[in-house]
Every structure is written in structure tokens, then in C-alpha cells.
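**Q** All chains should be built: construct the whole structure from the sequences, respecting the hints.
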Amino acid sequence: MPTSAVNEEARRRAQDAAISALVDQYAGALYRVAYSVLRNPTDAEDAVQEAFLRVLRHRQTLTEVRDHRVWLIRIVWNIALDRKRRAKTRPETDDVTELARVLPSTGLSAEELAAAAQHHARVLACVEQLPAKEREVLLLSAFEELTSVEIAAVLSITESSVRSRLFRARNLMAELLEHQRT
Amino acid sequence: MNSNPHNAMSSDSGPNSGEDTLRLIAGLPAPAGLEERVHKALGAAPRSGRVLAWPAGFRAKTALESNWMRAAAAAAIVFVVVGGGWGVYSRVQPGQAGKVVVMPQPMPSSGGFSGAGAIRTPATIPGPTVRDQGTKGPRDQETPPAKMPAAPKKAATGQRLASPHAASQAAPQPAVSQ
Numbered sequence: 001m002p003t004s005a006v007n008e009e010a011r012r013r014a015q016d017a018a019i020s021a022l023v024d025q026y027a028g029a030l031y032r033v034a035y036s037v038l039r040n041p042t043d044a045e046d047a048v049q050e051a052f053l054r055v056l057r058h059r060q061t062l063t064e065v066r067d068h069r070v071w072l073i074r075i076v077w078n079i080a081l082d083r084k085r086r087a088k089t090r091p092e093t094d095d096v097t098e099l100a101r102v103l104p105s106t107g108l109s110a111e112e113l114a115a116a117a118q119h120h121a122r123v124l125a126c127v128e129q130l131p132a133k134e135r136e137v138l139l140l141s142a143f144e145e146l147t148s149v150e151i152a153a154v155l156s157i158t159e160s161s162v163r164s165r166l167f168r169a170r171n172l173m174a175e176l177l178e179h180q181r182t
Numbered sequence: 001m002n003s004n005p006h007n008a009m010s011s012d013s014g015p016n017s018g019e020d021t022l023r024l025i026a027g028l029p030a031p032a033g034l035e036e037r038v039h040k041a042l043g044a045a046p047r048s049g050r051v052l053a054w055p056a057g058f059r060a061k062t063a064l065e066s067n068w069m070r071a072a073a074a075a076a077i078v079f080v081v082v083g084g085g086w087g088v089y090s091r092v093q094p095g096q097a098g099k100v101v102v103m104p105q106p107m108p109s110s111g112g113f114s115g116a117g118a119i120r121t122p123a124t125i126p127g128p129t130v131r132d133q134g135t136k137g138p139r140d141q142e143t144p145p146a147k148m149p150a151a152p153k154k155a156a157t158g159q160r161l162a163s164p165h166a167a168s169q170a171a172p173q174p175a176v177s178q
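Heads up: the sequence lines are chains B and F, in that order. Here this note's numbering is used: the first residue of the first sequence is 1, the next is one more, and so on. Here this note's numbering is used: the first residue of the second sequence is 1, the next is one more, and so on.
Honestly, the hints are just simulated from the structure, not real lab data. Misleading hints may appear alongside valid ones.
Listed below are several chain B residues computed to face chain F (Cβ distance under 7 Å; list not exhaustive) [unchecked claim]: (1) Asp24; (2) Leu53; (3) Leu177.
Glycine included, every Cβ here is placed at the ideal spot set by N, Cα and C.
**A** Laid out in C-alpha cells, this is it:
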């Protein structure tokens, strides 16, 4: 076997190993990002798979990427937004069933759990009423691991834009929730 | 970054604040076996980004063989393209010159209306005829040419007429002789 073929094979194996490591490390985070947009477990998982397939397709550029986490989040974010835009008619399953799965159930009665799930559903409905720019920043800000610099990198905007949009989004959310309460 | 002093929905506004819900969503655990399913999807994905894959029988075993096959395929494509072009070029004859009808030049008119490129214009007024050039008598020399009927004064002076109908009535109608 010629040397070039051996090198090619070794390079390919190294890329595969790198992608496998990325899957193990970031699949969960990417799922959460996709789920925050799509609110559908199946769609979120599909978005994660599509994101890694894109990575596989462009694996030659993997060495040029500085921050793999932000890069992957940006990919899955764009995929999720694209999917949501295309399938607007599909119902989101952010109702009680899905929310009850993640609610801290310790010390809560069944009634309290149901009430909390209903409240979360109302909040998510308010989030959907926000303008797109503000909503995107608010959703990404909920991820503890993302700084404003990283959010700016994901959305391709400046850090000051992130802060101002976040401020507006929070004010709008407060107004919407207050309006609902009254 | 979430500890914004301007935060209208900070955690001290109550446990049921909006941001708590988003954090709850953001902290949603990934479904079990997600990584394995992604690994499986990546394993099933086509490795190469080529549009057309080689048939299994022709698949190259070494890089040298692959290069040779690529060169042969490129040469075949070039041969087909050049051959097709040459075939078209050799079959198409250069077009013959089109039949050109030379139009006669219109005679230059000495004033008045032009012939508008007409080839033949009928003689509407018979001109003067010379009967015998040898015996010219004073009577023959004084033979006056045929006169046009005099046009009305109004039309001759170029004044505008009231209507086309009136113009046709006023204009003289020359006698056409065939």
C-alpha cells in the first residue's frame, strides 16, 4: 500500500475519533439547545444527528475550528431554527407530559406538580410571543454554560447587542407574565 | 451573565419566574442512548462526498489504480466531447449566399414628388410628339402642348381647406389614359 494511502487512512481514523469524542462530549448540550427551540424530543434528536452529519461532511475543517462547543451549538441552532421555520404547523409537545418529566418532583404533590407544569407551559407561550431576536437571546441565555460572548458568536452579533436584546426580552417577558396574571 | 441587575425576572421575583422555566428547559436531560444513536447514524452515513460512486467491480484497490482510472475517465470524457464537436462541425456546411434581388435605383426627379421607389410609373399625361423633324413649319412649331386643367386659385395658393372632402372637390382630377 503506498504511503499516501496509509496517511489518508490514518488521517481519516483520526477525524473519526475526533468526531466520536465530540458526540460523547456535546450531544447532550446540543440536544438541549435544539429542544429549547423545537420543543419536541424527536425533532431535537434529529437536529442533533443532522448537526453531526454536517460535521462529518466537513471534517476536513475540524482542525481549523477554535471553539468546538460554540461551533457545534451554532450549527445545531441554525438547524433547529430552520426546522422550526419549515414545520410551523407541527404541534410542540411542551405540555404537561414533557414538562412533568423534568420537574423536580421531590416534596411536591400531584396537584402541585400539575400546577407547576401548567405555569411552565404558560411561560413558554409567553416566550413564543416575544420578537424573534429577543427570544433567541433569551433562550440561549438560559444555558448556564454560554457566556454573552459565546451567545454573540452563535448569533453572529456583538456582545452589546446580546445585552440590550436580553434586557428588552426580560422586560417584555415581565410585562407578558404580569398581563397574564391580571 | 444571568445575574443582570436590570433583570426584571430575576430569581428573587419568585420561584415561578419565566427564566426559571427556560433554565428548566435548558437543563433538560438528554434522552438515554442519544450518543449511541448519533454514532450509529454517523456510521451509516456515506463516507465520501462524491456524487457518483464507482461500481463495486470497478472499485480501485490502490491509490495508483484509482489515479489511473480517473485519468482514463477524464480522457474518455474529453474524447466524447471533442468527437461530438467535430462531428457537428464536419456535418454542418457553410451556408450559401442568399439570392439578392438588385432593386433599380429610382430616377432622380427634378422637383415635385418623388417616385417613392416605384419601378414603373404609368404615363398619365401624353406628352408632346414630334411628327417630322425635317419639315418644320411655323404651324408645327407653334403647336401648344396639352395643358393641364387649371387648378382653382384657392388650392394653388396652398391655403388650408376646410375639410378633406372639400379638398377632393377642389383639387383637379387628371384624366388617366391607359
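**Q** Hint by hint, say whether it matches the structure.
**A** Each hint, compared with the structure:
1. Asp24: Interface hint status for aspartate 24(B): holds (6 Å vs cutoff 7 Å).
2. Leu53: Leucine 53(B) check passes; min Cβ-Cβ to chain F is 6 Å, inside 7 Å.
3. Leu177: Hint on leucine 177(B): holds, closest Cβ of chain F at ~6 Å, below 7 Å.
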